[in-house]
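Participant: Top line first, the protein sequences correspond to chains A and B. All letters in the first sequence, in the order written, are residues 1 to 447 by this note's numbering. All letters in the second sequence, in the order written, are residues 1001 to 1437 by this note's numbering.
Derived by calculation from the structure, the hints in this document are not laboratory data. The structure displayed is predicted, hence computed values, not measured ones. The reader is advised that the hints may include incorrect statements.
As the list claims (entries may be wrong) - Here are the simulated DMTMM-like cross-link-like pairs (lysine to aspartate or glutamate), alpha carbons at most 25 angstroms apart as the crow flies:
(1) A:Lys302 x A:Glu285
(2) A:Lys437 x A:Glu285
(3) A:Lys30 x B:Asp1196
(4) A:Lys437 x A:Asp252
(5) A:Lys302 x B:Asp1238
(6) A:Lys30 x B:Glu1333
(7) A:Lys348 x B:Asp1020
(8) A:Lys30 x B:Asp1335
(9) A:Lys42 x B:Asp1238
(10) A:Lys302 x B:Asp1190
(11) A:Lys42 x B:Asp1190
(12) A:Lys302 x B:Glu1305
(13) A:Lys42 x B:Asp1335
(14) A:Lys30 x B:Asp1192
(15) A:Lys42 x B:Asp1020
(16) A:Lys302 x A:Asp252
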Amino acid sequence: MMHTASDTVMSDHTLSLIELTAFTADHCVKCNICTSACPFAKVTPLFPGPKVVGPQWQRLRDPDAPSPDHSLDYCSSCGICTLVCPHGVKVMEINTQAKAKLVETHGLSLRNWFLARNELWGRLGTPLAPLANFALRNRLVRWAAEKVIGVSRRAPMPGWAGYTFRGWWQRQLRDHPRPEPVSDADRVVYFHGCSTNTYEPHIGKLAVAILEHIGLHVEVPPQTCCGLPAQSNGDFPGARRYAQTNIERLADYARRGIPIVGTAASCMTAIKGDYQHVLGLDGAEARLVAAHTYDFMEFVWKLHQEGRLPTDFHPIHQELPYHAPCQLKAHGFGRPALDVLSLIPGLKLWEIDADCCGIAGTYGFKVEKREISEAVGWPIAQQVQEAGAEVVVCDTETCRWQIQALTGGTAIHPVVLLAEAYGLSVDDYRPPVRADKRRAPAPTGVW
Amino acid sequence: MPAAKPERHSAASHPATGTDIIVIGAGLAGLMAAVFAVEAGARVRLIAQGWGQQLVTPGWISVCDRAEDDVIAEVRGYAALHPEHPYGRAGDDAMVGGLERFRAATEAVGLSYELRRKDGHNMRLMTLLGGIQRVMLAPRGLAAGDLTDVRGPILLVGFAGWRDFFADLAAANLRRQGVDARALAIQLPDPDRYWDLWPGDLARQFDSALFRETVARQVAPHARDVERVGFPAVLGMDDHPRALDDLGGLIGRPVFEIPTLPESVPGVRLSNRLRRWLLRHGARVQIGHPVVRGVVEGRRCVGVEVQSLGHSTLFRADHVILATGGLYGGGIETDESGRVWEPLFGLPVMAPETESRAEWYYDDLLVERGHPIHRQAGLRVNTRLQPLDAAGEPVLDNVYAIGQMLAGFNPLTDGCAEGIALATAYKAVQTALELDE
Ligand SMILES: Cc1cc2nc3c(=O)[nH]c(=O)nc-3n(C[C@H](O)[C@H](O)[C@H](O)COP(=O)(O)OP(=O)(O)OC[C@H]3O[C@@H](n4cnc5c(N)ncnc54)[C@H](O)[C@@H]3O)c2cc1C
Ligand code: SF4
Ligand code: SF4
Ligand code: SF4
Chain A
1 MMHTASDTVM SDHTLSLIEL TAFTADHCVK CNICTSACPF AKVTPLFPGP
51 KVVGPQWQRL RDPDAPSPDH SLDYCSSCGI CTLVCPHGVK VMEINTQAKA
101 KLVETHGLSL RNWFLARNEL WGRLGTPLAP LANFALRNRL VRWAAEKVIG
151 VSRRAPMPGW AGYTFRGWWQ RQLRDHPRPE PVSDADRVVY FHGCSTNTYE
201 PHIGKLAVAI LEHIGLHVEV PPQTCCGLPA QSNGDFPGAR RYAQTNIERL
251 ADYARRGIPI VGTAASCMTA IKGDYQHVLG LDGAEARLVA AHTYDFMEFV
301 WKLHQEGRLP TDFHPIHQEL PYHAPCQLKA HGFGRPALDV LSLIPGLKLW
351 EIDADCCGIA GTYGFKVEKR EISEAVGWPI AQQVQEAGAE VVVCDTETCR
401 WQIQALTGGT AIHPVVLLAE AYGLSVDDYR PPVRADKRRA PAPTGVW
Chain B
1001 MPAAKPERHS AASHPATGTD IIVIGAGLAG LMAAVFAVEA GARVRLIAQG
1051 WGQQLVTPGW ISVCDRAEDD VIAEVRGYAA LHPEHPYGRA GDDAMVGGLE
1101 RFRAATEAVG LSYELRRKDG HNMRLMTLLG GIQRVMLAPR GLAAGDLTDV
1151 RGPILLVGFA GWRDFFADLA AANLRRQGVD ARALAIQLPD PDRYWDLWPG
1201 DLARQFDSAL FRETVARQVA PHARDVERVG FPAVLGMDDH PRALDDLGGL
1251 IGRPVFEIPT LPESVPGVRL SNRLRRWLLR HGARVQIGHP VVRGVVEGRR
1301 CVGVEVQSLG HSTLFRADHV ILATGGLYGG GIETDESGRV WEPLFGLPVM
1351 APETESRAEW YYDDLLVERG HPIHRQAGLR VNTRLQPLDA AGEPVLDNVY
1401 AIGQMLAGFN PLTDGCAEGI ALATAYKAVQ TALELDE
């Protein structure tokens, strides 16, 4: 007797995605594969690990009763458990929902509220950048912040650029108006996220330069924080407000088939996945926006596969380690940064063997968790040091800050290398890795 | 290992081929197919929804557990008589080549897998409950427990209060089988510090020299008149080889490991080290999102689609190795109506000729010959490991099925699942890269 897939009957379900999450616990066979992979349970006895707090304790969680456990707080929501589970149990998602329940019951601490509002601090700090940066670098201030609100003094803190990416872009458009493209097929939306807007505008500037070099018309519509910091601190109502705003502002572009592209891989995870799977916003608009949203390197690799990417690269003679953030692994699109950068002559990248750098969004900023966070990230520092590398490539900002703190070196976004190979630069940023511009770039057949 | 040593597989002899290979599945078969393909110079992408069974199985390599004499010779004889069996399909060279390359690859990442028996027979290794299992190849720690040549008494060490291993129960069972075994329960330092102790938690403790000393101090006085000392397989995670040697030195007797309940630390060691090796050698390792379909043009698979966030992602390849684990890995699906199907390519699946699902099983759960569904559900392939249609013709030119995806054996009861994983992983890479032509 032979059967083929055409016989397959797809079963219909009537539960929403978010309701289904809890039921994936029933697929757990207790194999402990997730436990063996959880980067956090490995380094602290305070956390019993994904199998226990996820599918196992899910059996004890009554929707109408308060959450029965607190060790859950040590789960970072890095999502490695969900990735390694061979049976489709949404362990991280179960944990994140249960954490929200804890917050609902006990309220959000001042510190976690503070960390959940990255977007607000980014905006408030910008006009006061010199003062704010001084405060961040001041030991006394950091000590006080640790004692009073519980933000670790060892946690890596970004500095305010003193201007915003959005402000710069508006000046650009005023001074050098771009012609309207003939069709929507040549348009792309850039999602910068909070961090690029206020701390690292050079990443946004390089990203836009690359997109324009490719020949696309860039638009930067109004947008707000992706909501991930609020979500991972269990503040779901706050996260949903952010998410809803973004969905409303991006939906029209998605409807027109215009890709929405972002350089912060973790923000893109939120828009593509968490809005539906964690926050439960799975309406038609949210799904449409998700379907048209791309991580920057994912988008560039897609263009290459479609034969639309110019490859007029100057060589970069370097061998560099690359860290794939846990949030990037959650996309399931492989390692597009490695694929794209391997097109640059002379450049050789290797992937560090590490599941997570340990910062996990805002986790590693918390004083009681800083040590755990550093232990989780230690394998990265070890491998980078063994290789004698000074520059690490990585797609998300908090990871880069953490890696810099752990290694004492520099961590750059892949766009830095891509822009450098294209010979593109911005005025206030000098990349730590330089292309060999003596030779003319290889001619490109496209665009 | 017998003399017949295939020559065409050394990594050095193959420069980069520029061939793209996608391996679907991160069990032993998929993991090793990826390693063999990288060694042969291919560009490799390993894609899997989660890790495979090596993280829950004992960690040894069953080639043919029921063999009474020279294992390889017995498999050769069996394969010659049963060309439909996966060993028959893969061929002698692949069986021997797979084992040899596996040993070389694991040695290269600092784990040695030992044959131990000079006569090519199976070893006799103990299980967690004190059963005795025959296996051909095992990680050094497990192999050191071979009971074939045991001369003096052995000491089994457990941890007081640890619910996953009871040394006295295991020792009693061994004694019933004629092995002079004793038991000792020692105190773990600081047991209340932990929520729970999974095998991996203990293994990481054993990475610490200080921890090993506290253990050895308790064991040594009881080990003076025994030949060897057995522990659950938790003797070190990242630093395992040193932990094993060091502990043996401190106790003054050879130590060996006994497989535990999941997670299987020997399996974690293997997977972790091979993953790092793959990454360093330029392979992509993408664990977490399922392949949802193979993209086929004519008789070729041009790539696979992965269900990623927001939209699916297409990964292109010249060859695809299907190592999705059969019934228990998700590579073959069934439903309550008794349908059996392969979900990615819709490949024709062999299934029991029964009226209803009830006949897939016998009444006795632990029946020795195994249940019909376990023996019969799988893909029929040719000697190139290409899945076949009802007429016996390959369905696709560049897709190869390996490991538990194959019909013709029962991975649960036959005692050859790992041997078949290695042989077919090796064969698929040889075929894809035309190294065997
Ligand atoms: C690995 C493992 C090994 C074990 N070994 C043993 C053993 O050797 N001996 C032994 O005695 N016990 C053992 N146990 C324990 C034993 O399995 C459990 O105690 C027993 O299954 C509990 O039965 P139950 O019906 O109360 O709950 P469960 O079997 O957990 O069933 C709970 C059911 O409720 C459903 N449910 C939960 N929330 C909702 C909701 N909101 N709405 C609708 N449905 C919901 C779940 O989906 C599930 O179907 C083991 C457990 C595990 C995990
Ligand atoms: S959640 Fe998945 S990986 Fe973890 S124990 Fe359950 S089945 Fe295994
Ligand atoms: S989300 Fe990360 S920290 Fe939390 S249980 Fe899973 S693997 Fe562990
Ligand atoms: S910042 Fe590190 S924690 Fe975030 S995505 Fe990074 S790997 Fe995970």
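Participant: Taking the hints in turn, state whether each one holds.
Facilitator: Each hint, compared with the structure:
no., hint, verdict
1, A:Lys302 x A:Glu285, "holds (23 angstroms)"
2, A:Lys437 x A:Glu285, "violated (45 angstroms)"
3, A:Lys30 x B:Asp1196, "holds (14 angstroms)"
4, A:Lys437 x A:Asp252, "violated (41 angstroms)"
5, A:Lys302 x B:Asp1238, "violated (38 angstroms)"
6, A:Lys30 x B:Glu1333, "holds (21 angstroms)"
7, A:Lys348 x B:Asp1020, "holds (18 angstroms)"
8, A:Lys30 x B:Asp1335, "holds (22 angstroms)"
9, A:Lys42 x B:Asp1238, "holds (12 angstroms)"
10, A:Lys302 x B:Asp1190, "violated (53 angstroms)"
11, A:Lys42 x B:Asp1190, "holds (17 angstroms)"
12, A:Lys302 x B:Glu1305, "holds (13 angstroms)"
13, A:Lys42 x B:Asp1335, "violated (37 angstroms)"
14, A:Lys30 x B:Asp1192, "holds (23 angstroms)"
15, A:Lys42 x B:Asp1020, "violated (35 angstroms)"
16, A:Lys302 x A:Asp252, "holds (22 angstroms)"
In summary, the numbered hints that this structure violates are 2, 4, 5, 10, 13, 15.
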